[in-house]
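Listed here are the chains, written in short residue letters.
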Amino acid sequence: MRPIINKIFVAVSFSVLSFSAIALEPLSDDQLSHVNGQGQFNFAFENIKFNGNAIDGVAEAGSYRTVATDGSSLTRQNYQFSADSIGTRTSPLTTSAVALDPSVNSISDGEVTTNGTSLAVQGFLHIGLPERSGWNNVDLQYDAVYGNPTEVDPNNRNIAAGGTPSNNLNFGRITIDNIAITGSLDISGIPDDYKIESVLLDDGSRGASSREGFMLNVDIDELSIDQFLFETELEDGIFNPERDMVIQNLNISNLHLKSVTIETTSKGYRIAYSNPQPFTQGEGVLIKSGAGLPDTSHAAYNPNFPKTDITLSTQMPHGQMSESRIEGLTLDHLVFNVRN
Amino acid sequence: MTTKKSNIHYALIGITLSILSNNSHSELKPLEESDLREVTGQSAIQFSSTDISYDLSHLVGVEFNKNAGIGFTREEQHSVTEHVDATVHRLQINGDGEFHAFAEGLTLGDYGGSNNSIYKDANGQSIPDIALRNFGFGESADKPFYVEDPYIEIQQQNHPDGTQTFRGFRIGFGKAEGHTPVTIDSISGYIPTLSVSGDTGGIIRALVYGSGTKDSFGNIIGETPDGTGNYAQTAEAGQWVCNGLWCGSTPDNTQLTGNTAMGQSLGGKEINLEHIESLDFHNVENFYISLTQGGGNSFVNGDGTVNGAKWSQHLNGVIPSNRPDLPGWNLAAPFNDPSNTAAGYVEAHTNITASLGQILFGTGDNNPRQQYQPLF
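Protein sequences, first through last, are from chains A and B.
Number 81 in our numbering belongs to position 81 of the first sequence; there are no gaps in the numbering.
Number 233 in our numbering belongs to position 233 of the second sequence; there are no gaps in the numbering.
Don't take each hint at face value.
Claimed, not checked - Covered stretches of chain A (chain B as the covering partner; in silico rule of three or more C-beta atoms under 8 Å from a C-beta of chain B): (1) 44 to 55; (2) 81 to 94; (3) 127 to 139; (4) 220 to 226; (5) 256 to 263; (6) 306 to 317; (7) 324 to 337.
Stated by the list, open to error - The list that follows gives simulated cross-link-like pairs (lysine-lysine, DSS-like), each with its CA atoms no further than 27 Å apart: (8) A:Lys-195 with A:Lys-267; (9) A:Lys-49 with B:Lys-175; (10) A:Lys-267 with A:Lys-307; (11) A:Lys-258 with A:Lys-307; (12) A:Lys-307 with A:Lys-195; (13) A:Lys-267 with B:Lys-175.
To be verified - Cβ pair distances, simulated, as ranges: (14) B:Asn-297 with A:Ala-54: 38 to 44 Å; (15) B:Ile-171 with A:Thr-150: 54 to 60 Å; (16) A:Phe-41 with B:Pro-160: 32 to 38 Å; (17) A:Gly-162 with B:Glu-236: 53 to 59 Å.
By construction, these hints were calculated from the structure, which means they are not laboratory data.
All C-beta atoms, glycine included, are put in the ideal place defined by N, C-alpha and C.
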């Protein structure tokens, strides 16, 4: 599995660096042989343009296609990506090696122990994202075309409810304007014997040792997108309130997840994260009540535990623009098994 | 590629390799042959485009006409019906998961007080479509919420002239189970619930729906409340009406139990959602949050048709056709089988006395926050 991970990084490195516009001094072979992850490397990318124009009569030209097991697919045609800059000389994208303690809280029968899952300090690859000023006009656009399964599945939730496979496969154009992500990511391997156990899922995680994969710290200070536009019919990049739908001013702030593990299994992927916080337990027999609220009187309660805020504005055809928001979000446990 | 760039690549590759090799404590092991055979390069995502058709109208009132004989004929009044042909584009992630999350506040559809909800906050501003406080999925990290097959669906309406518009989108789960603490300030959508009555030993079935309201409806199990009791009725309840020589008092459209032969309804009785402390999902197939055409002040269009959208599950009758998704943001959690509540349901936990008192004894009718009056 290790080579696969490395190949992923290599692929990412190549694809990103092929846009590199800042001259960096080459390393000599001797220098290269001594690279061991120390120090910090800064990157800035300017004037990135990627135009995947479809060509009439040429299958798959300029498209990016995902095909599922059942033959269904999503094709993104006319894929366009452009950015005036991702990172600047004063606010670059950085990579460095850091030593971090991945320990997280543990929980048993509702009792939370701070740093109860004690793990040794280990090295991480630290990726520092540029500050907000380093993200300039980062835009993405594509035309989405759906493809139905090759065989109709009678258990398909839509078809079972009375729908029929459609010939209207052209979804329309999706345009994402001004993407910016600030903060940092830390990547490492999963420590020996560290396994985030599932509570409800029968996925073999109980008592198992760690598997192949990597560990991730997510420290996103802010993720913002100015506009997420869905167009059908006339695809001109301009919101039409009688026809289109739009998400504007999407902002996710203060998203911090410590020691997320991403593992491969023989049946797919397993994403797991658990840094439990104390919450109240329900009382009563027939009718339990009072469960699931922050237990502010618990010794392990941390009023400074990072909470995420999400805001966005939306408008549908024939409607008014409205704002939606999630305030003070605590996400302290997540396990998801992606099934191939 | 220039030599300079090649060196940069090698440098980063070197960094990556060295960091991963130096710091990965867990040995990465090759898959066994038996494991390898199970890997078929399948995608964990499924796509579909499905055509659906439905007629859309909203209930706007109930009319009672005196029969020539005993009883009244009850007729529901609807807005202009629009026939909708639509394509639903669906993206589903195949998998199951568990999570615990808690939000101090969840607000969907805040129009800055400019929407037409009759419900006002302390400053006299209209309240949002959905406003929840202390809202969580699961009790804690060791009692999380269970979900299967998360999906996104976007519905495009195919108009007779060949044009298309977006009708709505929804984010949901194929299956949901678990505890959700919640304080409801405002809710729209449709959540059928069971409330276990500890002090009476009975079970109450209730529906939670409306548009930017605290409205909900309760009824004793065995009779499904349809919410019509929350609409204006003509003639008013108790009014003496004659049809020739046949006269009688108009039934009350907000009966706990109905006797349709007598012209009564299954309208149900309003309950106050302020008393709900949690909604617990039991084996619920399909729980979703939707945003549909319209919203704000836009209930009705110039030709008398209404906004909103139905989804494919409506076609199965899981959600009554007289109450499709209202415009704007909605929560929906249908019974798996409306005739078999044990097959999957949501249970409303309340601070019991006041809520059940309203259901069983019909109190609280004069609470202006419990009178749903959509503007048509």
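Here is what the structure says about each hint:
Three residues within the 8 Å Cβ limit are the bar, and the region 44 to 55 of chain A against chain B gives 0, so the coverage statement is violated. Here the region 81 to 94 of chain A counts 0 residues with a CB under 8 Å from a CB of chain B, which misses the bar of 3, and the coverage is violated. With 0 residues having a beta carbon nearer than 8 Å to a beta carbon of chain B, the region 127 to 139 of chain A misses the requirement of three or more and the stated coverage is violated. A count of 0 residues in the region 220 to 226 of chain A with a Cβ less than 8 Å from any Cβ of chain B is obtained; the coverage claim is therefore unmet, three being the minimum.
With a cut-off of 8 Å between beta carbons, the region 256 to 263 of chain A has 0 residues touching chain B; three or more are needed, and the interface restraint is violated. With a threshold of 8 Å between beta carbons, the proposed coverage of the region 306 to 317 of chain A by chain B holds, since 5 of its residues qualify and at least three are required. Closer than 8 Å: that is the beta-carbon criterion, and the region 324 to 337 of chain A has 14 residues meeting it against chain B, so the requirement of 3 holds. Pair hint A:Lys-195 plus A:Lys-267 holds up; C-alpha atoms about 17 Å apart against a cutoff of 27 Å.
Using a Cα cut-off of 27 Å, the hinted pair A:Lys-49 and B:Lys-175 is violated, with the two alpha carbons roughly 42 Å apart. Only pairs whose Cα atoms come within 27 Å are accepted, and A:Lys-267 paired with A:Lys-307 is rejected, the gap being roughly 33 Å. A distance of roughly 13 Å separates the Cα atoms of A:Lys-258 and A:Lys-307; the hinted pair therefore holds under the 27 Å criterion. Among the hinted pairs, A:Lys-307 with A:Lys-195 is consistent with the structure: their alpha-carbon atoms are about 25 Å apart, no more than 27 Å.
A threshold of 27 Å between alpha carbons decides the hint, and for A:Lys-267 with B:Lys-175 the separation of about 20 Å falls inside it, so the pair holds. Checked against the hint of 38 to 44 Å, the C-beta distance between B:Asn-297 and A:Ala-54 comes to roughly 41 Å, which is consistent with it. A hinted range of 54 to 60 Å is violated for the C-beta pair B:Ile-171 and A:Thr-150, which are about 27 Å apart. Checking the proposed 32 to 38 Å range against A:Phe-41 and B:Pro-160 shows it is violated: the Cβ atoms sit about 59 Å from each other.
For the pair A:Gly-162 and B:Glu-236, the supplied restraint of 53 to 59 Å is violated, since their beta-carbon distance comes to about 39 Å.
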